[in-house]
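Visitor: What follows is each chain in one-letter form.
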Amino acid sequence: MAEQPKEQLRTAPSSDRRRLLRTGMGAGVAAFAVAASGRARADDPSPPADPDWSQSLGPGIGDRVYGNPSHFEKDVIRRNVPWLTANAESSISFTPLQYQQGIITPSSVFFERYHAGRPTVDPAQHRLMVHGMVDRPLLFTMDDIKRFPSESRIHFIECPANGGMEWRAPQLNSLQYTHGMIGCAEWTGVKLSTIFAQTGLKPGAKWVLAEGADGAHMARSIPLDKMLDDVLLVYAQNGEALRPEQGYPVRLVVPGWQGNVNIKWIRRLQIGDEPWYTREETSKYTELMADGKARGFTWPIYAKSVITFPCPEMPAKGPGIYEIRGLAWSGLGKVKQVDVSLDGGINWTTARLHGPILPKALTKFTMEWRWDGSPALLQSRAMDETGFVQPTLTELRAVRGTNAIYNNNSIQTWQVKPDGSVFNVQLA
Amino acid sequence: MSSWRKLAVAAIAAACIPAALGFAADKGPLRLGTTPTAAQVEGWAIAVRPDGQGLPAGSGSVKDGDELYANVCASCHGTFGEGVGRYPRIAGEGKLTGDRPEQTVQTYWPYATTLFDYINRAMPFPSPHVLPPDQVYAVTAYVLNLNSLVDDDFVADRNTLPKVKMPNREGFNWIDPRPDTHDAACMSNCRPAADVKVSQTAEGKTLTPRTTGPLDTAMPQ
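Protein chains in written order, with our numbering: chain Z, 1 to 428; chain X, 1 to 221.
The shape of chain Z in the complex, shown without the other chains (with noise of 0.2 Å):
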């Protein structure tokens, strides 16, 4: 018989004690019993209260081998729009923003966006190709891509589109689905520089096209210049293995460039003189103006903020005091600062900026707000180190039009009514 554990014996006695008590006795006795005890009920909220939970023993060890959240936080997951897209299979869902506390997405409800479903890449079988215009040809294993010099940083990725439906009108009354589309983590992998020194590359080499394992084979353009700067082949997300989602079992992270060329299942690398124009970045991922003519190559996320406390899921409850919070990010480096107006953009306060502040990642921010309960327009405005300030929806509409869909990076208007219910609005 296998020895009993030290503490299950020591709390013998009370727990059967407490079966007596909740199953043969009278309540008068059971109160005595408690009171004596000096416990109070478990079903009395007010403390020293005794709940179930600490009159017991939960699950040990061994119970959980891979961990998931408390069952009470079911309803922090990835939601989608099931109207936006034809299919699940090229789709994108949305990161729930409104319970991010911090700067990391955790790697379970990071925002999903496939062309052809998740694929389920065997890492054994997977290699990465690194050919065209250099001195070596090479086909690297996993095991070979983990063996290089590391680098671990923590970035955002998001996708050009967050924020697309908006450009008319306010149509989606939520943060999750105005500003899901992103997600920041910590990524651990190879500098693509150290990977070029190992093929050489070829005098006027320029470009190089990323391209996917998925069934789309997702492939785009991507300048040798940026490549060669800053960008990592990654193995790991937040300490683990990259989660299928996110391109396991490697993938780029293009620092502050739109998600779409953070290539996932990255299979390939070509380096050429010139980019292919895939239809990822001619019939998608362009952006139409007014007068019938598109930009194309408009890689960099500008900066950006929204607020995410409160926000249409997570509406004020009565007056009294409250910390503001925010998420700010720009693609060009770090955030520099942040202001927020309680009155729709007439003035301003500089809310507080929590560290790390790093570049090309989330930034937190925080305001104390002192609500006597009168309508509100929130909205929060980022400037980065280049001095780039986040504009009004107004003012991109004015130069862009309503067609872009993409790269709307302005504003965010938080209607708060006296009930304390959030609303998305748009001003005039």
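None of these hints come from the bench; they were simulated from the model. Among the hints, a few may not be true.
[Claimed, not checked] Distance ranges between label pairs, derived from CB positions:
| id | chain 1 | residue 1 | chain 2 | residue 2 | range |
| --- | --- | --- | --- | --- | --- |
| 1 | X | 184 | Z | 428 | 45 to 55 Å |
| 2 | X | 189 | Z | 119 | 52 to 62 Å |
| 3 | Z | 69 | X | 205 | 24 to 34 Å |
| 4 | X | 30 | Z | 241 | 18 to 28 Å |
| 5 | X | 86 | Z | 243 | 48 to 58 Å |
[To be verified] Here are the computed lysine to any residue pairs in the SDA-like style, where the Cα-Cα straight-line distance is at most 20 Å:
| id | chain 1 | residue 1 | chain 2 | residue 2 |
| --- | --- | --- | --- | --- |
| 6 | Z | 206 | X | 31 |
| 7 | Z | 293 | X | 198 |
| 8 | Z | 206 | X | 175 |
| 9 | Z | 284 | Z | 402 |
| 10 | Z | 417 | X | 198 |
| 11 | X | 205 | Z | 167 |
| 12 | Z | 146 | X | 31 |
| 13 | X | 163 | Z | 283 |
What you are looking at is a predicted structure, and each value in this text was computed from that prediction instead of being measured. Backbone N, C-alpha and C fix where the C-beta goes; we use that ideal spot for every residue, glycine too.
We have chain Z already, so just place chain X on it with the hints.
Guide: Coordinates of chain X only, in the frame set by chain Z:
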């Protein structure tokens, strides 16, 4: 330092990156990875450029593409490329201005080579990479014909595709013009209070899926 390595370092220096490349450059090549065979490179290198680089041998005519398109593409994209349900419309005329711009292969795509590249890498959607080059050429020719971009007797191959005239070839600005808004961070009395009015709201619209409970799969009315 081996000669390929010298070249590599020279090329990288030419591409203006700092000299320090970690231990890779300092202590010689890591010799990780293997040299792919010519067959492996040919099998994987599917990307096609506007000048035709990357287009495989083979050919396909509009006529060859007719039946093929009807069998493998029309169920989603429609007999005339008009799009079935919410599947993309891929053919037809239209304007790129106004409230409902119509971006089709005819009105929007700058290069015909991109059509071959995309069909070859991603279509038919449920079972990509099943069509041999001749068939990809054939459906490409057919879709171009649906878009009135080539005649009925057109045969697509590595020579003809780069020459197809695309109406919107010059419709793109490939140089990012941003920043295109003013970098002004006014702090107080930035606009008259009377001007600050809610002009539009998402309140009352039925477009927002549920944000609590299980995933919402309902479509709005």
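Visitor: What hint numbers does the structure not satisfy?
Guide: 1, 5, 6 and 7
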